[in-house]
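Enquirer: Using the hints, build the complex out of the two chains.
Top to bottom, those sequences are chains A and B. When you line the first sequence up against numbering that gives the first Met the number 0, it's residues 0 to 183, in that order. When you line the second sequence up against numbering that gives the first Met the number 0, it's residues 0 to 675, in that order.
Calculated directly from the structure, the hints in this document are not laboratory data. For each residue, glycine too, the CB sits at the ideal point set by N, CA and C. Incorrect hints may appear among the rest.
Listed next, with one range per pair, are the computed distances between beta-carbon atoms [to be verified]:
1) A/G151 to B/A340: 49 to 57 Å
2) B/S374 to A/V137: 37 to 45 Å
3) B/Q390 to A/E138: 20 to 28 Å
4) B/K420 to A/G151: 49 to 57 Å
Mimicking DSSO-like on lysine-lysine, the simulated pairs with C-alpha atoms at most 27 Å apart in a straight line are [stated by the list, open to error]:
5) A/K18 to B/K200
6) A/K41 to B/K95
7) B/K420 to A/K18
8) B/K200 to A/K54
A few chain A residues that face chain B, going by a derived Cβ cut-off under 10 Å, partial list only [said to hold, decoys possible]:
9) M14
10) L39
11) A76
12) S85
13) L119
14) K181
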Amino acid sequence: MTATDGRVSRTEAMMQQIKRSPLGQQVIPLEAAIGWPVPLRKGDQVYVRVPFFTKRDNPAGGAEIYPPSALVTLRWATAIPVEYVSFSFSTPWTFDQPEPGTPIGRFPHPAVEVTAREYLAMRHELLSMYDELLDTLVERGPISGEWASRFGDLLGKVVEPSLEPYYRDLAPRFFDRFIPRKTS
Amino acid sequence: MVSRTEYSAGKSRLEKLLLTTIDLARELDNTDLAEQLATAQVQLSREELRLVVCGEFKRGKSSLINALLEQPNLFPVDVDITTSVVTTISYAEQEKVHLVRSSSDGNPETLLITRPEIPDFVTESANPKNHRRALQVSIKGPFDSLSPGLMVVDTPGVGGINIEHSAITYSHIGGADVVLFVCQANQPMSSQEILFIERIKENCKHILFAMTKIDQVSDFEAVLESNRQKLSIVLDQPASDIDILPVSSSLKLAHLKSGLQIDLEESNFPEFEERLWRELRNRRGTVLLERGVGRLREAIEELASPVRVELSAYEVSTQQELNEIEKQLDDSMAALKEVQANEGQWKRELTAEINELRTQVGTALLMRQRLRVKSNFQSYLDDDNLIKTPQTIGSHVVGDLGLAVQLINDEIDSRGRAIQKRLIDTLDAQIESNYTTRLSVSVESPDLSHVATMQKSDGIYRKLDYGRRVSIHSIGSASLGAAAGGLVGAILGSFIMPGLGTLAGFQQGLMIGGGGGSLFGSAFGIRRGIDDISTEDDQLRRQELRTQLDPLIEETFVDIQAQLSTTISVLSDQIVDDLQSAVQAKIESLGASIETFREARKRTKVESQEHARALREILGRTEGISQELDRIERQSVTTQTMPHSSIATELLKKPIASGGVDNDLDYGDWAEEDGF
Chain A
0 MTATDGRVSR
10 TEAMMQQIKR
20 SPLGQQVIPL
30 EAAIGWPVPL
40 RKGDQVYVRV
50 PFFTKRDNPA
60 GGAEIYPPSA
70 LVTLRWATAI
80 PVEYVSFSFS
90 TPWTFDQPEP
100 GTPIGRFPHP
110 AVEVTAREYL
120 AMRHELLSMY
130 DELLDTLVER
140 GPISGEWASR
150 FGDLLGKVVE
160 PSLEPYYRDL
170 APRFFDRFIP
180 RKTS
Chain B
0 MVSRTEYSAG
10 KSRLEKLLLT
20 TIDLARELDN
30 TDLAEQLATA
40 QVQLSREELR
50 LVVCGEFKRG
60 KSSLINALLE
70 QPNLFPVDVD
80 ITTSVVTTIS
90 YAEQEKVHLV
100 RSSSDGNPET
110 LLITRPEIPD
120 FVTESANPKN
130 HRRALQVSIK
140 GPFDSLSPGL
150 MVVDTPGVGG
160 INIEHSAITY
170 SHIGGADVVL
180 FVCQANQPMS
190 SQEILFIERI
200 KENCKHILFA
210 MTKIDQVSDF
220 EAVLESNRQK
230 LSIVLDQPAS
240 DIDILPVSSS
250 LKLAHLKSGL
260 QIDLEESNFP
270 EFEERLWREL
280 RNRRGTVLLE
290 RGVGRLREAI
300 EELASPVRVE
310 LSAYEVSTQQ
320 ELNEIEKQLD
330 DSMAALKEVQ
340 ANEGQWKREL
350 TAEINELRTQ
360 VGTALLMRQR
370 LRVKSNFQSY
380 LDDDNLIKTP
390 QTIGSHVVGD
400 LGLAVQLIND
410 EIDSRGRAIQ
420 KRLIDTLDAQ
430 IESNYTTRLS
440 VSVESPDLSH
450 VATMQKSDGI
460 YRKLDYGRRV
470 SIHSIGSASL
480 GAAAGGLVGA
490 ILGSFIMPGL
500 GTLAGFQQGL
510 MIGGGGGSLF
520 GSAFGIRRGI
530 DDISTEDDQL
540 RRQELRTQLD
550 PLIEETFVDI
560 QAQLSTTISV
570 LSDQIVDDLQ
580 SAVQAKIESL
590 GASIETFREA
600 RKRTKVESQE
610 HARALREILG
620 RTEGISQELD
630 RIERQSVTTQ
640 TMPHSSIATE
650 LLKKPIASGG
660 VDNDLDYGDW
670 AEEDGF
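If we strip away everything but chain B, and leave its shape as in the complex, we get (with noise of 0.2 Å):
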């Protein structure tokens, strides 16, 4: 581990390889990418860390938060189902909660409010439906086990009856530096928890556990260990080394009542502090140098791939060379035409596929879920336990609902993805076979004569920024194997990447906008169903139940296939424009290819020679970039402590009025109009 010195010696020389890679970024005129390592710098700079708390729903989180921050009533547990809102957490000297939620007119509002407020917002009891429009709690304060720069994200659990819950989730994990997952001791992991991680895991390589409820469990440890085995296949790891950190926040927050030290000790929290603690201490460091130097790792091949490309052109060696490369971009060139004029081919392969997928998902699964859901209903109905708490059922009910959706949802996704992919190995098979079957190379003698560059003083960079472009969907074509395949593969590409990021948002989007609208409103319907049975007797209640529920199952069951139905038409759409896209985008970078290239092999050697020195140069800065940040992984990778964000507030206004200069004064009264 190293010391908060060599942790500062090691920001400040990634912050000076920022700069300079921001400043070579700008001289290859990649202007997003020097944006976007601004950005990385300013966030280093204020070493910021995001500690984002999930789980299913149901697993104590905001009864954990309470506890740890010893805020007992700061988040409202026990309550049915809480609203989509996220709240952050974060050190202030003096406590201030926003709220922001969506106005009348649909555009978002702040508003200043109190700590007893919260509960107004955020459950589902005091805000049905999320009648007022809550979408996000920002409290800070003077919470005294949080650093300053840290901040604490609670989300609204996965898994429930809300999809929209589950989405906001992952779109904060995106942004997590550190995860705390929560999980409890009264039952092992489910497969979604497993599946919930796998996900996370995907987008944060730091993952901490906490198991919380161990005091209504006589023993956890059977379920730790479960959890261990489960954890060690989907991380990879041995399961020694996984560790889970078990809590009771319902005994910590008795003892802050009681002053009891038994229920401290009994709650583990003691333990659970300082082990949370000291691995975000020590990540801390780790985390924020590891987001650094990986950003500019991807920063420096962004940069330097292009530039490899292109200088691979001037080291092929023959004039016959050329003309086979040549030849294999016109003949790619035809491929790709052909392609895009015998669409009617794979658009016939996608009608069947879509089909079939509106069988599989739409129909069979859709039955499957149905009936699980309806026999799962009944089992609870035959319990002669559960029948006593009708409103225990429900849950039961909602829950089981939840879940058919969220697979419905998962299994539609992946297999939109599968399809996708499908038609673009496919196309590439197509486009590859053309041009790999007549590639024949001999090489001879270098002779770089014919091969030449454009003027360097504007070229180069129009070049290179060409060069960028194409690289981006290179695919090696190891089947070429000399460096006219490599560079005839890295400018035809493939067609995978245009399409799947795109898609794959869409999808969930969709679902989310229809599906959770239905079931929120089944929920209520079973809820408010349950409330009105008064019976005693347990046979009146099962025939009740089944009168309430049956027809709100079938209901819902009916709004999911229809809102099926839409995303599978809209998803092929969609699968047919990012192929279309993909196809006329591949075409126009490779008849810009080809026309550089023409260009390029009618330039003189000693413009050639001095290009190709221009590329080399540059090569050699990004690999001494690339070394330095070598340097500062092997030494300053961990830290103990982190110093506080010591970025005070920068006033970077210079006067925007300069009173009494102007007799008419400008109040920007011309940012009221709308134009449009």
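For reference, chain A alone in the conformation it holds in the complex (with noise of 0.2 Å):
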């Protein structure tokens, strides 16, 4: 898959299937935007694990994003969920909260400086990349440097700022790894 090829990926067909299967319908809100996938393996499977969190569009553009407010788990071999969270019964994260209904960011961040064009085509590469790399866990193969920095580096142009912290709360390694905690 190239990034202007016009098709899905796995994991992005698997993420947008998410909110329309009886599951999402059921407890996933209308208003919820799918956050980056996290990938987990337990034992022989491997795992996709799907942050939502609630997006507001604002009609001078963009929008304001709120903090993660559920988590659903799918197994990559068949993309069925197998677990579904709400943070609003419990949540995990290790620093301080915001008032709720407050808003912890905007879409897109200031800072990151990218056209709606080229913030797409990096999105569609860095989901088929998410493919390569679910199935090379599945494999249990090696992952070369060259190719880890490439996916860091897209992962680390489009996480949202203020949802970074959340991220590395659900999948401290995973964030680790590919994009590196700045030091102070």
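Expert: As structure tokens, this is what we get:
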């Protein structure tokens, strides 16, 4: 898959399918946006954890974003959901949270200096790389430094800065591996 | 009917249009739509077709599939209750059967099993209460009658004791390209079957009918005609146009065993197969193209609608008109805030409606169903023939209980929707009356000098995005009659959209989770109890059956009542949440509209003209796509044959690992840890 051939990757199709699934229609709010997937391997199985966060469109452009509200885990081989967690019930966050209803940031973030077209191209490339990554996790194959560098570079560019701490709480090793923490 | 070449040409044009529309959607920052269209493109290119076989339980679906595929033992038949496992069957050169099941830690896992093992997972006798946690069976094999790209989906029967079966079946109908509905020759279609077909019709327009068990009746024509008449009403077609294919699976299977030609002829399978595959071939191209054309039409409307709304703002004629629009927007905002401030009023209405629901469904309907089940049970006991087969009476009672739950479920579903709709209509009426009464527009000479645009460089996409959002809920506002009214109506919209979908999904899920479990328990209790009845005396049998089944029926209704009470409470909460969210969303949306509108009024005439030109150019592109869709529909909606899928497996992977390059290779161990 290339960034411009218009086809969807398995990861992207899976992400889209969640909201249309009976589970998604039942528990995912209509206005929820889909976050970046997090790979998880347990025993022989590989899973994809997909966070959802609330996004409210701003008429002046872009949208305001709120902390993740839910997490759905799907098995990579079958795309069947295996777990749903609502963060309105309990949260895993290790840092202080803003008052409920307070946005945590904006999309696109002012610091993300890319055009919409560039963003979409990166998004498509990254999601196709997720396919490769997840398949490789199943096979327990090695991941080259070059590939990881490109993946991390893309992920670092598209992850909304205000959501990054939340992602790190959800999957510290994954994000540390591909987006090393900045040392102050 | 068009030729294969014409089909291919239509498909090729449709693929190009999809790509063009994907580009347009991305240009307008509608990434969700672009993604959906990309999925549609993949489906079109793979030429996948799903034939979903469904019907009420005990109608012979499994036998029909066995006979159709000429695989007598593929699916077990004549079992008491099958589990809720969905089975998919498709063509492959080598046979492989995969079972998806929930593993001991609750995660699904896929196992390679053998064909003789299938009954171990899909029958209640070998897998009671689905203790093996089977979810789905996928069978691929060299089934000559299945062409590549065609997938047959066997669903659990609906209308039986287990509501979960119905839910699973309904969930698969949404993804069906063609439905094969199975009924039987020894009884006319029931009202439940007709209701089922009504629900299928909402989701799939291609329905074929098979009438099984024609060997069990001397003359099936009367039932066939009766079914045609009923279907004529529900499908709104002349009875003569409704094709029901009569068939006997058991005679076809007998023929496979004995080789006797007479069995094959009397099974009517040659004609059935010929008509079924012909219909599928004929419809396949139509279905695939229709699916693509339909999706594209929706997409074009989604893209064009906000552009039209925005253009109408620039075409508003006078300063006075603009003042009126602004005033209406402010008035509408005031009305919305009033609704929000006085939510106690509609909550009181809701409470009254919910109390009524509790009385009507939770008490009266439940009572009626309980009496019906008990009265039917008594009539079974009084029947001198039935009493000789206690197991049959048990099956009838189990069926009656399942029907009772189904009816209660349907009732609560439809009443819940009605309550929400009434509240929404009331709120909509309050808001609408508030601004329509103040609407007074006089049209003077065109002057757009005070309506301007945002900066073209980045603003156009933002504004279009905003327009798309508000137009989704457009109600048209015919009563306003003027461009200004239409614009305000479109911006203000209706409350209808946000709630109903969520509510329906939620409600169904809750009932499935609750009622099914308790009923299953009762069904097993009933069967176990009856197994113990060994007496030959009819009176003693009656007495024992009453002793066994009366408490179980009562127990089941106590369970249903408890479940209903919870369901209605949560339903009420959900309606409140939905409406509160809808009002808040509307306030935010309208606030954004007012802000944008005021900004626009500050722009210059030149800017507004430039922006209007850009909008017209976009509209022109969407109209061009629509016209091309019209041409495709006219020329390529039917076809005789379809080529086999030409899409080879595409190896998309670039080298993820470059062997030997890294000294410290990463094998993805970081994925093992779960931070949460």
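Enquirer: Each of the hints needs a verdict: does it hold here or not?
Expert: So, going through the hints one by one against the coordinates:
Take A/G151 and B/A340: their Cβ atoms lie about 50 Å apart, and the range 49 to 57 Å holds. For the pair B/S374 and A/V137, the supplied restraint of 37 to 45 Å is violated, since their beta-carbon distance comes to about 58 Å. B/Q390 and A/E138 have their C-beta atoms about 52 Å apart, which leaves the hinted 20 to 28 Å range violated. For the pair B/K420 and A/G151, the beta carbons lie near 50 Å from each other, so the given range of 49 to 57 Å is met.
At most 27 Å may separate the alpha-carbon atoms for a hinted pair to count; A/K18 and B/K200 meet this at roughly 23 Å. For the suggested pair A/K41 and B/K95, the alpha carbons sit about 26 Å apart, so the restraint of at most 27 Å is met. For a cut-off of 27 Å, the pair hint linking B/K420 to A/K18 stands: about 24 Å separates their Cα positions. Proximity of B/K200 to A/K54 is assessed by CA-CA distance (about 35 Å); at most 27 Å being required, the pair is judged violated.
Among the interface hints, the one on A/M14 holds; its C-beta lies about 9 Å from the nearest C-beta in chain B, closer than the 10 Å criterion. The interface hint given for A/L39 holds, since its Cβ lies 6 Å from the closest Cβ of chain B, which is under the 10 Å cut-off. Interface hint status for A/A76: upheld, as the beta-carbon distance to the closest one in chain B is roughly 6 Å, under 10 Å. For A/S85, the interface hint is violated, the least distance from its beta-carbon to any beta-carbon of chain B being 13 Å, above 10 Å.
Checking A/L119 against chain B by beta carbon gives a least distance of about 6 Å; that is within 10 Å, so the hint holds. With a least beta-carbon distance of about 18 Å to chain B, the hint placing A/K181 at the interface is violated under the 10 Å criterion.
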